[in-house]
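From the two separate chains plus the hints, produce the assembled complex.
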Amino acid sequence: MSIVEKFVSMEYGPAPEDPREALTWLDRHERRFGHFINGAWQPPVAGGYFSTADPSTGEKLAAVAQGTAADIDAAVRAARAALGPWQALSGHARARHLYAIARLVQKHSRRLAVLETMDNGKPIRESRDIDIPLVARHFYHHAGWAQLLEQEFPGFVACGVVGQIIPWNFPLLMLAWKIAPALSTGNTVILKPAEFTPLTALAFAEICQEINLPRGVVNIVTGDGSTGEALVKHADVDKIAFTGSTEVGRAIRKATAQSHKKLSLELGGKSPFIIFEDSDLDSAVEGLVDGIWFNQGQVCCAGSRLLMQESIAEKLTAKVRDRMTTLRIGAPLDKAIDIGAIVARVQLERIERLVNQGVAEGAICWQPPTALPSRGLYYPPTLLTNVHPTSIVAQQEIFGPVLAAMTFRTPREAVEFANNTAYGLAASVWSESINVALHVAAQLKAGVVWVNSTNLFDASCGFGGYRESGYGREGGREGLFEYLEPAWFKHAPALKRAARRASKMPTPPCRPLTGR
Amino acid sequence: MAVEHIKRYGIAEGLNSRTAEPLASAADTAIAELSGRALQPNRGIPLNLDWIDAVRVNTSAVERRAQTLVARRTVKKDWQVAWLLRAISCMDLTTLSGDDTDERVRRLCAKARQPLQQELVKRLGIEELDLKVAAVCVYHAFVETALRALEGSGIRVAAVSTGFPAGLSPLAERVAEIRRSVEQEIDVVITRAHVFGGRWQALYDEVATFKNTCGPAHMKVILGTGDLLTLRNVARASFVAMMAGADFIKTSTGKEAVNATLPVGLVMTRAIREYAQETGMAVGFKPAGGLRTAKQSLEWLALMKEELGASWLRAELFRFGVSGMLADIERQLEYHATGRYSADYRHPIA
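As they're listed, the protein sequences go chains G and P. Everything in the first sequence is counted per this note's numbering, starting at 1190 for the first residue and increasing by one. Everything in the second sequence is counted per this note's numbering, starting at 835 for the first residue and increasing by one.
So that you can see chain P by itself, here it is in the shape it has in the complex (with noise of 0.2 angstroms):
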């Protein structure tokens, strides 16, 4: 269907040529494990609607396991540390905002490769980890700015796209401005109204053509969880971006009224755990947008490893879509290494 489709728009010949290395070396390779079996990257699957339309999910249920998760769940002392460590390694540092300028990108980048002070460093005594955010994420006019910035270091450029955060623009321009930027990685909007309308072929067809697009670029599908209001729908679509061939799932934009939250996370993660177990391919999954606390670094990091396992406590399959969230961790890390709690002036900032 998704080829018949590309076809008809004649977008899918002449993919990006500056497309990166794929993430996994090889397409056969496994990149995670979920209770025993061993999973592939996901190459998407034909669109499965009686799987769509079984789709169940219960509201205050989800609610009240996603109240007592995280209290469930603590990790305490030098633990602590290292789980906070960990959240910024999964992180993409984010900014999106009209006031963006190729200056406030490089700041970004320097804060991405230099997270933590030395100082800082060298008192938690973890030179060997070379700490550093797993991407910056950035829109299309400043990816060039970011890449000569982020040059040797590792970390990957997401640029966002297809008429963001909207995603309303016209198909053909949606899927230039993917051409246009598509470089490491990319996180693409829906069509929320495909959702709203139960169009999934729409919606199908749509992430399918995306991908094709990507090429081998790690593809986040950002649902607009916070528009798509209903759990079920959250769901739905979830499965349907997992089909098409979605790398990653992403809940929000930022720029809706509501974004990450715990119970559309408990959705989603659960959504890539049956596709995983479905069809034994992997999908990572990105909460995004809200995200201040180190506190809430802890509780996501938890309900990854409960629901899906330690595969996804790493950078290939899970990120965190942040722009404020480390200055808390970085000064929770600071009272962890001295006792006491900094000001905030005290840490350098983006």
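Chain G extracted, bound-state conformation (with noise of 0.2 angstroms):
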């Protein structure tokens, strides 16, 4: 093709981020990975490996260590062992090691997003422009927090030795919201990062290597959800944090419900987005393309039900589909994507089946025309219009990029609509009317509303969810509490007792801690 046929044609034309750097990277470490503790790589006790592909080629990326047992044993083991030494150390000298960790996620940018895109299958836009650059300021502001915490938080002590898990929508990301708050409150970390999407968090370990972090104060568990299980019942963990899907979040609470074990659950969503007849209708429809259409649709606080109201239901709808006729769909890693490829066939499996069971139910499924690239995993943008609170696909999250639109005549409809569901992340009000979109939040059950925008997020700004949607609180003041006990808790003789007992015992007592 000419230049001339382009000057006519007026195309993008593709645009691939290099991958050159990730794939080094990768060929360096020779395509397989042990997992990190006590500050080095070790091979698998028993568990051997298995491997990890990019969604969009379905090309092999590199082989990754199973954890067992043994392995999880180990890592806790190294982190209880780090834990005094880690805590020896004053705040402004774990703040250096935050600081440090910020520094070298910056300076390693590019290659984080290629391969958390490559891993994931996400926009190597919005891994360059969102994750990354949130992973970095997670630890600055963190950094800040293990400055300030004497002071800040006078009688509270670290929590102790802290498992994590967390999901594969945004790996590192994720990883920077569990591993942050951790370390600056002085605990140390076991995380096992979820088996589609380990290769940022196996990353993340050399940064940890490369700024000489004391050992054993991070450790890496690679493996599936046996290897959290592990993670999740071993006795000498004090705390587990856990962010993915509602039904795991269930049994988790419930291996932990008898034992001393701290826990705090960021799960699902089936967030509600309003949006008013006296909005600005052109940006509620940008709203709708950040809130269902970022990362696939695979985010927990995905604006996933778009709540109109009638008077401007129809125009909406319209400008909707225009919109979603302009998304660019295909390789993750052109810089002019939208929308790229589906975590893995089991997540693409799902999101078909939940929309075929919608469109039985009766709802009308509206798709672009635009192309689907020919391999790799992929679902195209969905509207399903016809929904009503009582559809499957107004109730299930879905976790893939389909909205279900329904709609409310009134204010106070629109509240109760937003709230009739199990779960309460996130909410988005869109109105130009300050009294409606303030009234209206203000009613709303979710752990962030967001005005006139969505999914816009902040370290300083606490996120989390009521209902089904978990407990507990990531980033800000608020969230440095899930990773802090008051000094007396230690000291308690009877919960001394309770938690040895907890710790030997295999099913430990029941017993109410008090204070909680």
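Note that these hints are calculated values from the structure, not bench results. Accuracy of the hints is not assured; some may be wrong.
[Claimed, not checked] With a cut-off of at most 20 angstroms between alpha-carbon atoms, the simulated EDC-like pairs for lysine to aspartate or glutamate come out as follows:
# : chain 1 : residue 1 : chain 2 : residue 2
1 : P       : Lys910    : P       : Glu897
2 : P       : Lys1089   : P       : Asp933
3 : G       : Lys1504   : P       : Asp884
4 : P       : Lys910    : G       : Asp1207
5 : G       : Lys1504   : P       : Glu1108
6 : G       : Lys1296   : G       : Asp1207
[Said to hold, decoys possible] Quick list of the computed label-pair ranges, beta carbon to beta carbon:
#  : chain 1 : residue 1 : chain 2 : residue 2 : range
7  : G       : Pro1203   : P       : Gln952    : 51 to 61 angstroms
8  : P       : Gln951    : G       : Val1197   : 19 to 29 angstroms
9  : P       : Leu1063   : G       : Ser1240   : 51 to 61 angstroms
10 : P       : Trp885    : G       : Leu1212   : 50 to 60 angstroms
11 : P       : Arg877    : G       : Val1197   : 54 to 64 angstroms
12 : P       : Arg957    : G       : Gln1546   : 56 to 66 angstroms
13 : P       : Ser931    : G       : Arg1292   : 16 to 26 angstroms
14 : G       : Arg1510   : P       : Asp884    : 22 to 32 angstroms
15 : P       : Asp884    : G       : Thr1599   : 14 to 24 angstroms
16 : G       : Phe1239   : P       : Leu1063   : 39 to 49 angstroms
17 : G       : Ile1553   : P       : Lys1089   : 47 to 57 angstroms
[Claimed, not checked] Just a few of them, taken from the derived set where beta-carbon distance is under 7 angstroms, the chain G residues facing chain P:
#  : residue
18 : Tyr1201
19 : Leu1215
20 : Arg1217
21 : Glu1219
22 : Arg1314
23 : Glu1475
24 : Ala1525
Since this is a predicted model, take the numbers as computed values, not measurements. Where is the CB? At the ideal position from N, CA and C, for every residue including glycine.
In structure tokens:
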């Protein structure tokens, strides 16, 4: 195609990000990774290796160790041994480590972004402009808290050894949300990344080595659900922090219920996206793009339930459809792509199944005529109309680029529909009337409510849910309490006994811990 | 309403006879397409105050979209070359300074005829495009000069008019000014005070009067967005100008403190889109002022492609009001052709 032909067509053309740096890094590790325990790479004790692949091509990227109870035990012991010296450091000394991590994340940001995109399938624009900058921001922010800890939280101490399990939708960002507050408050960590997306966590482990983080402070054990289970059940873990599905969250809560383990859960959502008739509709449509077609809709706080005032429903859905046709779907490493690949086949099948179920129930499915790439795991942006609160697609979390649209008549009804869900993670309200917006926002049962915006995150702002979206907050001052305990907790005799018994007995006694 | 108004001022008769051919050969021919729908040139509609009243613009949401839009799209390699060439073909090469002279305008026209050196054209293999800018934009005093200098080139001459840049001389004089300078294209400025005062009828009448005086010449309505300041004002002024028959809406005179910004551009293109969807008529867009780099040209083209579609990537519906941007584009093109950036003195100036 000559320049003249391109002048006539005015297409975008390909704009691939260079993957060489990330591939070189994988090759340097011979495309095989052990666990990162006690500051060194350790081969799996018994579990062998599994492979992680690029969902946009199906190509295998690397072999990763499958963690078993033995690996977890080694990691917990390393974390326990590191705890004393790590806590003996002053807040300023711990802050120096966190600052160093933040700087190295920035230094390696391009490699990390490419690696994230290859492992997860998300567009490089998102990993480059959103994920990785927020990762650095979280470490900078919590470095500040490490310095201020003693004066801002007198009488509080770290939980101790923390087990953290993170999902595959924002692999490195979720790692940062977990590790940064844990380290800044003086905990040591065993983190298990999701089995589909372990690579950036392993790259992070290398950063810990590079800045000479004391051995055992951060341990990364890779593996599947069974690895996570071993971590949850390990007797010498003081706290579990989990982000993932409500189903697994429920199992974790059961497993930890009779122990001394502190727990925070960040689970699913079916977040309402409420558009009133007096809103800036074009901007609200862009909000939807950022809400449900961000990261292929694989976002726990995705605005997946569109609630629009009856008077504008027709006009708005027409605008949404027009906008959907300009979304570009394709190779995630292309810099001008809006929608990349779905993380794994099982997830793609789940999306397909739920949409089919919705359509069988009477939903009208609209997808833009955009062609999908011939290989790789892709699902087109989807708008479901003729959906009612009773529909399965209005009730269940789909975790895909699927928007379920419904109408409401009055602000009161909007609130009623918005809160008519088992979840309560996030909500977005669009109105140019400050009275309507604030009146409605205050009534929404959601951990975060955005007004005339969506999916805005910052390290200084707590994030978390109500109801089946979990409990505990991440980020901000409130997030630090998830990794702190009142100092007297550790010394109260009754608690000490309970904790001792809990760690010795296979089924810990059910004894209420006072003060929680 | 407009007709009455015009009658009152007695300025509708005797349109200038020197008008050029209209841009579209016949008024009922489609000039654009939006989401599969054919669009006609703008004939204007009666002022619809309900519509103006319903306009809502959320500033921070618009800013966010403008910020991410340019991060979502990029063109590389040969595609970038093609886009930069397209930017040149959509340029209104402009000189609007107090120290303009006939000679200065002739130099600009010479550059307009040959925006790229022949050597570069050959290297890029684009001889067949016969690339030129879309128009030359000057003060009234230089219209004759520009017309003569551009004779036979197909490049159009645009005059700024109606008390440019403030637009505050008496209406009769502004109308007379249009009559004096109207040729092929004319850039008129609105009375910003009408917007601040919410006097939409007065604004509508003013623009409609201008349009009547212009006859078939192409009228670009300058909103002075840097003065209007709120994005909602920009949107409302855009709608009124389109209802009154503007062929183009244009951001700024280039003389305000802030000129063409992407948020303003986004609001105006959305207004054009909504007007097209409601009326079936297409209005063009011209950002002007503060556009200097090749990168900016790509960003604005991407904005047009995303918000309005391919029809707005042509000079019929999109113009850059620029003076310095061409020089930066030349250097970028030279880089594509040779792999090296050249010093600016290696490119002939206007």
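- Query: Taking each numbered hint in turn, which are not upheld by the structure, reported in ascending numerical order?
  - Reply: 1, 7, 11, 13, 16, 19, 20 and 21
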